[in-house]
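Enquirer: Chain A is already provided as a structure; the job is to place chains B, C, D and E on it using the hints.
Residue-level listing of the chains:
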Amino acid sequence: METLYARLKEPFGLTDWVLQKPDLCFVTVAREQLRPLLLHLRDLEGFTHLVLLTAVDWIEEDRFQLTYLLHDRAKARDIGVRLMLPREDASMDSIHELWPTAATYQRELREMFGIDFPGSPRVNEDFILEGWADLPPYRRDFDTLQYAHEAYAERAGRETRDPARHMKEQLYPDGGQDD
Amino acid sequence: MTEGRGYQRMKAQSSLKDILAVATEFERTARDFYADLAPKVSKQIRYLVEELAEEEQRHFDLFTQLQSRADIEEMLQEQVDTPASDGRFSDCIHLPELGDKPDDQAVLQYALGREHAAMEQYHSLAESTAPGPIHDLFKFLAAEETQHKAELEKIYYEVVHSGGV
Amino acid sequence: MKDELEKRLDRRPNDHPQRTALKDIPVREELLPRTVKTPDGQEIRIDPLQDYYCQAGPTVQTPAYTRIIEDLFNWARAESLWILGFGTGCGAIEMRPLMTPRFDAYRYGIQWRPTPRQANLLVISGYLSVKTLKRAIRAYEQMQNPKYVVGLGSCTINGGMYWDSYNTIKCLDEYMPVDLYITGCMPRPEALLQGFDDLKKLIRAGKAEGANRYAENFDWYKTNQKRVIRDWDMPDYSW
Amino acid sequence: MTEYSNRSQYPQARADGSLDIDLTSGKYLKLWQGPNHPGITGNMSVELTVCGDEVVEGKTHVGYLHRGFEKLMERRTFIQCFPIVCRICVPEPDFNEYCYAAAVEELAGIEVPEKADWIRTLILEMGRINSYLMYLGGQAGAFGLGVIGQWTTYARDLMLDRFEELTGARIYHMFIMPGGVRDDLPEGFDQRMEETLQEIESTLQDVYDTMFRNAVFKKRAVGLGYVDPAWVDEYGITGPVARGAGVAKDVRRDQPYLVYDRLDFEPVIATESDTYARADVRRRDLLMSVDLIRQILARMPRQGEVMATLPNVLHWKIPRGETYVRGECSRGEYGYYLVTDGSGYPRRVNVRGPSYTHAMTLLEKLIVNVNISNVAGLMVSLHTYPPEIER
Amino acid sequence: MSVRDLLSPFTAWKNLFREPVSIKDPFNRPASERYRGFHKNDSEKCIGCGTCEAICQNGAIDMLPADGVATQPGDSGLRPRIDYGRCCWCALCVDVCMTGSLTMSNEYKWVEADPDKFRFMPGVDKKHWDDYEDGYRRPDGHRLNAPERIDMPELAPAQRIDSFVEMVTGYTVEQAQLEADRCVTCGICVATCPTHMAIPDYIRAIRDGDYERGLKLLYDSNPFSQICGKVCTRRCETTCAASHEGDPIAIRWLKRHITEQVPHERYREIIGAPGPATGRKIAIVGAGPAGMTAAFDLARAGHQVTVYESESHAGGMTRYGIPEYRLPSDTIQREIDLIVSMGVEMHYNTRVGTDISMQQLQQDNDAVILAIGLWMGRSTRIPGSDHANVFKAVDLLRRIRDGEAIEAPKSLVVIGGGNVAMDIARSMARLQKQQHGEIAVTLTALEDKAHFLADPVEIKESIEEQIHILDSRGPQECVIGDQGGLVGLRTWKVLSIFDEQHRFAPSYDENDEQLHKGEWVIEAIGQMSDVSLLGEELTEQLEWNRGRLQVDDDGRTSESWLWAAGDCVKGPDVVTAVATGHKVAASIEAVFAQQEAQT
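Sequence lines, in order, name chains A, B, C, D and E.
Every position in the first sequence, counted from 1, becomes a number in this note's numbering once 5 is added.
Every position in the second sequence, counted from 1, becomes a number in this note's numbering once 174 is added.
Every position in the third sequence, counted from 1, becomes a number in this note's numbering once 120 is added.
Every position in the fourth sequence, counted from 1, becomes a number in this note's numbering once 212 is added.
Every position in the fifth sequence, counted from 1, becomes a number in this note's numbering once 44 is added.
Okay, chain A solo, but in the shape it has when bound (with noise of 0.2 Å):
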């Protein structure tokens, strides 16, 4: 893994090398340099099977994480590309001619994540939600819970006390020093 990485490093531009366990290991890419990279993996060094494509929200830093894991199956080993792409209308470059099943990742991540990814065969189709009309739920900044008690009934009759608050109001109602 250490001399792919020696290997691709330079003409890729890639950052961030995490050697994850011996057969896994992870790169960032910039933007520009996934496709060549995809197909160098793919077409010369026998990482042939795309295992997932999906987003991590790094709401913080304001960018979108999008990792490409690639498996080679002859050598046994994963390689994991990620790449950063910024929060505000989150839009990528569709995969979908390298891998056919890319379009489903990337129907999920549109739906999801509301990244866009142009040209992407069906990729503005519900995928998994029906009629949903809020933010994209796997965002940070949904709030399911919040989104839960708003939108669907619950049973009433729920309560529950803290220990220790109880406990002062049984027994030392007045005469807490901390309150």
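Please note that a few of the clues may not be correct.
To be verified - Some chain C residues well away from chain A (every beta-carbon gap over 12 Å; in silico): (1) Ile189; (2) Arg233; (3) Lys254; (4) Gly279; (5) Lys290.
As the list claims (entries may be wrong) - Taking CB as the label site, the calculated pair distances span: (6) D:Pro531 with A:Asn129: 50 to 60 Å; (7) E:Pro197 with B:Glu332: 32 to 42 Å; (8) E:Pro201 with A:Val23: 43 to 53 Å; (9) B:Ser242 with E:Ser551: 35 to 45 Å; (10) B:Ser242 with E:Pro117: 28 to 38 Å; (11) E:Ser551 with B:Glu332: 12 to 22 Å; (12) E:Thr282 with D:Pro531: 48 to 58 Å.
Stated by the list, open to error - Each computed DSS-like pair below joins lysine-lysine, with the alpha-carbon atoms no more than 27 Å apart: (13) D:Lys577 with D:Lys271; (14) E:Lys89 with E:Lys68; (15) C:Lys321 with E:Lys170; (16) E:Lys614 with D:Lys430; (17) C:Lys157 with D:Lys239; (18) E:Lys493 with C:Lys342; (19) E:Lys161 with B:Lys328; (20) E:Lys68 with C:Lys321; (21) C:Lys157 with D:Lys529; (22) A:Lys26 with D:Lys529; (23) D:Lys431 with D:Lys577; (24) D:Lys430 with A:Lys26; (25) E:Lys161 with C:Lys321; (26) E:Lys171 with C:Lys321; (27) E:Lys477 with E:Lys561; (28) E:Lys161 with E:Lys171; (29) E:Lys170 with B:Lys328; (30) E:Lys454 with E:Lys493; (31) E:Lys614 with E:Lys493; (32) A:Lys80 with A:Lys26; (33) E:Lys454 with E:Lys325; (34) E:Lys260 with B:Lys217; (35) D:Lys239 with D:Lys577; (36) B:Lys191 with B:Lys214; (37) E:Lys614 with B:Lys328; (38) D:Lys431 with E:Lys58; (39) E:Lys504 with B:Lys275.
Just so you know, the hints here were simulated from the structure itself, not pulled from any lab data.
Bear in mind that the values here come from a model prediction, so they are computed numbers and not experimental data.
Note that beta-carbon positions come from the ideal geometry of N, C-alpha and C, so glycine has one too.
Expert: For chains B, C, D and E alone, coordinates are given in the frame of chain A:
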């Protein structure tokens, strides 16, 4: 009251009536002793002395009532074997030197010794009287004193053995 | 009844600032009136909403017979629980052992049917996503009266482990009348049998009145349904 | 490959690749199979456009079982995620438990006791048997052989009894915890397991006689849903579907995890690459799992801990990192991509089940030209579970 | 296709001759022994800590008051109520249960028409599965939180025995993090702490690495946090939820850790400056923890506080009663300096009653606080106890802390089984080691080892330091030799100390008599207050309650201007003294506020 007199009386007389008289005397002197002591001790421990005095007063009242009852006159004439090992009872009638300003520990120690002697004495008196009201009285008194002693010991432990931190 | 239901459920306002305006939901393509050419070349006009669906709402079914007859009917109903084979959630996986020799529900007059028209018992086997709720309502409405609903698993009762999920409903009885709940995650086949047995008792006692409740409070149920099914693109009543 | 099609009726492709289907032409009919349909694998649906009784286009629709696990996990602590992951895949929940636990252990640097690894392997193989038994029933049922499902469900239930006594639950076992497994094998487990295995073997023999050597099944399954070996990488095909196409892809052998490197087995393959071949691969794989369980019980250590010491799970934080953990489940490669950010909650979890590619792109490709009556059989032959697509 | 393919399926007919596999009675089929079915809770064992609620990812558990369960120290009085409309039977609640009270039965059938009925309080709401034997319980050794405490590093016995250098070295950040990690944040301990420190919160601050927040939390409720971090009697740890199935959290050491992590010069800034002056004057008698706590509170409120202390340094018993190896002087000094920096005026070497009268204090101030502690050692008053070589522990400890050169005897006997006894025994052992190279300290106590009043850690460390501990020995006489020198202590074996009613009633075995040789005998059985400073008149005016000053809940005496706090009211214990100090200060504030309102 001087040393030995009570003991002599106890030895010499062995009718129940006389025994009761000694016992009454015993309780009375104690009561007076505590009552006299109360104003002398510091206010913080006065409760202790006052409580002791009250306790003795109760016993004293009990004996006085008993002696004034006519129905047991006959029984009082009965002779009993006075216990031989009863030195402490009369010892304790003797007033101790608690000093001018005794502290709580000193008072407690005195009271404890006294209760112990009384307890043993009543116990053996109960053993040597035949079943009947007098026997029951001594048994009652023995139990009273035992309990009293236990209470005092608890107080003693709490007051003196605070354990330290 | 409606008030009681309202009271039981902790109502929350439907509109909140976070929610953006609804997408403009068009009626499904299949529901649009259209002209179709049949294989033999004939052109026919189809208006699905008119032609495929009933315009009237559900009606309350009152016992039409004497007590004895009604009891006999209820006995017959109780002994023929025909379940719609619609596995809405994970609980469906315990239906298969139930229907196969080991637990053999058939011996209790319980069997699976493939279409709503043949079934009288809708088993909601666990959580319902909003997307499935929409289909479950249609399936329920298409079932013949008298019909029953059993909620299976804790998630039908109060959301279960999906209590904070944005995509599942929490209280099933908010959206359709439930006759019985069986708790568990998931309930075992034995618990299901127990539940069906209890349902039989309810039916025999004439107390499984869910379908009538639905008809009586149709508007209330519809309002609740439409509150969560944001792309309501079908007729209000799918009979 | 059997030729079903009469291409003269077929719609032409538009410039963007989609088909030019005019519903008003009367030539085509839109037919929804599912979600409420006996021939569907779980709660999903396929939107079929048919021409006569032949499918010209099929679109998979999922989302009926979506609960948003990946989102829910982001607001649960690492231990709180453990009970919910198994719900992602109902028929074979243990893979979720294992992959999640392994990913957490890797990022948190927890060493799992050896015995726990053996028990985990045992559970995963037991789960595989369950899943295959369910598949066989489904596959036969899709072609009208109802009795097979009765038998296999019974056999599966016996295995569920073993699960129950080992893990304390029938379906959602919640037994493989980050750090190890909950408990040791119960007293007399080996004996009862052996009896169960024998019953399963006998059932499988019956299944072989009545299904695999059945003219009806052969007639319908042979040649249906041909998968070209060249598609394996292109479409991300894994597991029995790939092995049925002659590609000996098996994570247990390729990248051994748990104790698979200490067990004797070879990936089962077939070359015909049709529905029959895939069914047969699964049947033989099932027998191999029976053998693996015997190997595990014969070789596993009987002494020692089954759980590592965990920090206080209530405020368990894991340093920033990311990893991917995979395993070979009955449908193919199951994987968890876990990202942590140093907090007490996962930053992101992505669950990659084999059905994700099988039921979407691959099914949509294979379904074209298939007779409507065979759609169910084809879907089952890919052995897809919708909840792992949409989670 | 072959003929075989047509015939083979007919083998299915053989099942005609098979026994049916159907379960005859599926309604009464017990689940497996380990089955995770419906919950059971041993309500007696449960302490209502709410850890089950905390771990439940389904939000299925509520903590609510239960009928017949009282709130008391160590038990919140709450019990879990489980919503079976939420539960997923993962049993994390059982695994994490701190007392092992929560288990599961193997019952699994529950059908209801009313969905609201699926909420119940196991163990309180009776269910038919409550007495089921089978069902899931946490397997042995299966723990979701480390049951063992992180050991506090300390000097080895050989290193510490000849010096008064502080023996405990304090947690490293890593150790403290690990120990803080064990806390389940239930807060049961808060009620037990006399001053109700925000224990779970400051432990959380350690986990977060936010020591300044932690320090702020400490000083919000305890201006003796550095001292309590070292010598607190830590009653909180006795009610710690973790103590039920493991070691309690080392709350004291974690408190100490916070105080050590924040630079001392930052303290004042974090704690905050005193408020604007009010012109009110308060005199405090005694610069111990109670007095100084009240001084801290009142000075921070802007009042003018003067403290009168008969010794040359402040700190009270923490300085003069606790040996240096447990509590170094500079720790005390830092604490005192911090309090004084709030604007407290100190008068050292000033004995009230002698140098200044109570009446004077009353005249000069708006309020007076008595915080005089328990400074007089009790004596057993057994025969011989008035010998010159019979000492009282408090007196000796004070002399040692004062720096007085004490010539240790070659051998000595200590009477007492409390912490003071351990302190003096260990102090004298150090002196012996320094002066003679040999240790010969015998410690006798009435109690048996299981009932020693001293902290078990103290006992363990004493034994490590070669103190010869004899339990169940009742002192009878300090034996004086022919030459008038002390020979040792004669004791009887204690058969029992308490009677059936748990009252003190020692009974002795007079046949088991022993003589413990010792040139000195040191009595460490108890202490009392020296109330003589009040003067006869004030003593008579005040109300007393069984030997102690009678005070109301806020520490106010029967005299409206006089409050009392600390060991002389309730003790002896540093943290209790702090708590009463706070109380008194708050009471005075309230009285002032009332007076303001009236004028």
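Enquirer: Hints first: check each against the structure and report whether it holds.
Expert: Status of each hint after checking the structure:
The beta carbon of Ile189 of chain C sits about 38 Å from the closest Cβ of chain A, which is more than 12 Å, so the claim that it is off the interface holds. Consistency note on Arg233 of chain C: stated as away from chain A, and its beta-carbon is indeed over 12 Å from all of that chain's, at 26 Å minimum. Consistency note on Lys254 of chain C: stated as away from chain A, yet its beta-carbon is not over 12 Å from all of that chain's, at 7 Å minimum. Chain A draws Gly279 of chain C into its interface by the beta-carbon criterion, the shortest separation being 7 Å against a cut-off of 12 Å.
Distance to chain A contradicts Lys290 of chain C as a non-interface residue, since its nearest Cβ pair spans about 5 Å, not more than 12 Å. Checked against the given bound of 50 to 60 Å, the beta carbons of Pro531 of chain D and Asn129 of chain A, roughly 38 Å apart, lie outside it. Remark: the range hint 32 to 42 Å for Pro197 of chain E to Glu332 of chain B is upheld by a beta-carbon distance near 38 Å. Remark: the range hint 43 to 53 Å for Pro201 of chain E to Val23 of chain A is upheld by a beta-carbon distance near 48 Å.
The given range of 35 to 45 Å is respected by Ser242 of chain B and Ser551 of chain E, whose C-beta atoms sit roughly 39 Å from each other. Look at Ser242 of chain B against Pro117 of chain E: about 53 Å separates their beta carbons, and that is not inside 28 to 38 Å. In this structure, Ser551 of chain E and Glu332 of chain B meet the distance hint of 12 to 22 Å, their C-beta atoms being roughly 18 Å apart. Separation of Thr282 of chain E from Pro531 of chain D is about 36 Å and departs from the stated range, judged on CB atoms against 48 to 58 Å.
A threshold of 27 Å between alpha carbons decides the hint, and for Lys577 of chain D with Lys271 of chain D the separation of about 9 Å falls inside it, so the pair holds. Of the supplied pair hints, the one linking Lys89 of chain E and Lys68 of chain E is violated, its CA atoms being roughly 40 Å apart against a limit of 27 Å. Distance hint between Lys321 of chain C and Lys170 of chain E is fulfilled; the C-alpha atoms sit about 25 Å from each other, no more than 27 Å. For the suggested pair Lys614 of chain E and Lys430 of chain D, the alpha carbons sit about 91 Å apart, so the restraint of at most 27 Å is broken.
Distance restraint check for Lys157 of chain C and Lys239 of chain D: the Cα-Cα separation of roughly 8 Å lies within the 27 Å cut-off, and the hinted pair is therefore satisfied. With a C-alpha separation of about 74 Å, the suggested pair Lys493 of chain E and Lys342 of chain C falls outside the 27 Å cut-off, and the hint is violated. Note on Lys161 of chain E and Lys328 of chain B: the hinted pairing is violated, with a Cα-Cα distance of about 53 Å set against a maximum of 27 Å. Distance check on the hinted pair: Lys68 of chain E and Lys321 of chain C sit about 21 Å apart at the alpha-carbon level, within 27 Å; holds.
Restraint check: the Cα-Cα separation between Lys157 of chain C and Lys529 of chain D comes to about 65 Å, which exceeds 27 Å; the hinted pair is violated. For the suggested pair Lys26 of chain A and Lys529 of chain D, the alpha carbons sit about 21 Å apart, so the restraint of at most 27 Å is met. Annotation: proposed proximity of Lys431 of chain D to Lys577 of chain D holds, straight-line Cα distance about 22 Å (limit 27 Å). The straight-line distance between the Cα atoms of Lys430 of chain D and Lys26 of chain A is roughly 45 Å, outside the 27 Å bound, and the hint therefore fails.
This hinted pair checks out: Lys161 of chain E and Lys321 of chain C have alpha carbons roughly 19 Å apart, not beyond 27 Å. The suggested pairing of Lys171 of chain E with Lys321 of chain C holds, with an alpha-carbon distance near 22 Å, which does not exceed 27 Å. Annotation: proposed proximity of Lys477 of chain E to Lys561 of chain E holds, straight-line Cα distance about 18 Å (limit 27 Å). Under the criterion of a C-alpha separation no larger than 27 Å, the hint pairing Lys161 of chain E with Lys171 of chain E is consistent with the structure, at around 13 Å.
With a CA separation close to 43 Å, the supplied pair Lys170 of chain E and Lys328 of chain B exceeds the 27 Å bound. Proximity of Lys454 of chain E to Lys493 of chain E is assessed by CA-CA distance (about 26 Å); at most 27 Å being required, the pair is judged to hold. A hinted pair counts as satisfied when its Cα atoms are at most 27 Å apart, and Lys614 of chain E with Lys493 of chain E qualifies at roughly 26 Å. Note on Lys80 of chain A and Lys26 of chain A: the hinted pairing holds, with a Cα-Cα distance of about 14 Å set against a maximum of 27 Å.
Distance restraint check for Lys454 of chain E and Lys325 of chain E: the Cα-Cα separation of roughly 52 Å exceeds the 27 Å cut-off, and the hinted pair is therefore not satisfied. Under the criterion of a C-alpha separation no larger than 27 Å, the hint pairing Lys260 of chain E with Lys217 of chain B is inconsistent with the structure, at around 43 Å. The straight-line distance between the Cα atoms of Lys239 of chain D and Lys577 of chain D is roughly 21 Å, inside the 27 Å bound, and the hint therefore holds. Taking the CA atoms of Lys191 of chain B and Lys214 of chain B, the gap is about 35 Å. The hint is violated against a cut of 27 Å.
Of the supplied pair hints, the one linking Lys614 of chain E and Lys328 of chain B holds, its CA atoms being roughly 18 Å apart against a limit of 27 Å. A hinted pair counts as satisfied when its Cα atoms are at most 27 Å apart, and Lys431 of chain D with Lys58 of chain E qualifies at roughly 24 Å. Distance check on the hinted pair: Lys504 of chain E and Lys275 of chain B sit about 42 Å apart at the alpha-carbon level, beyond 27 Å; violated.
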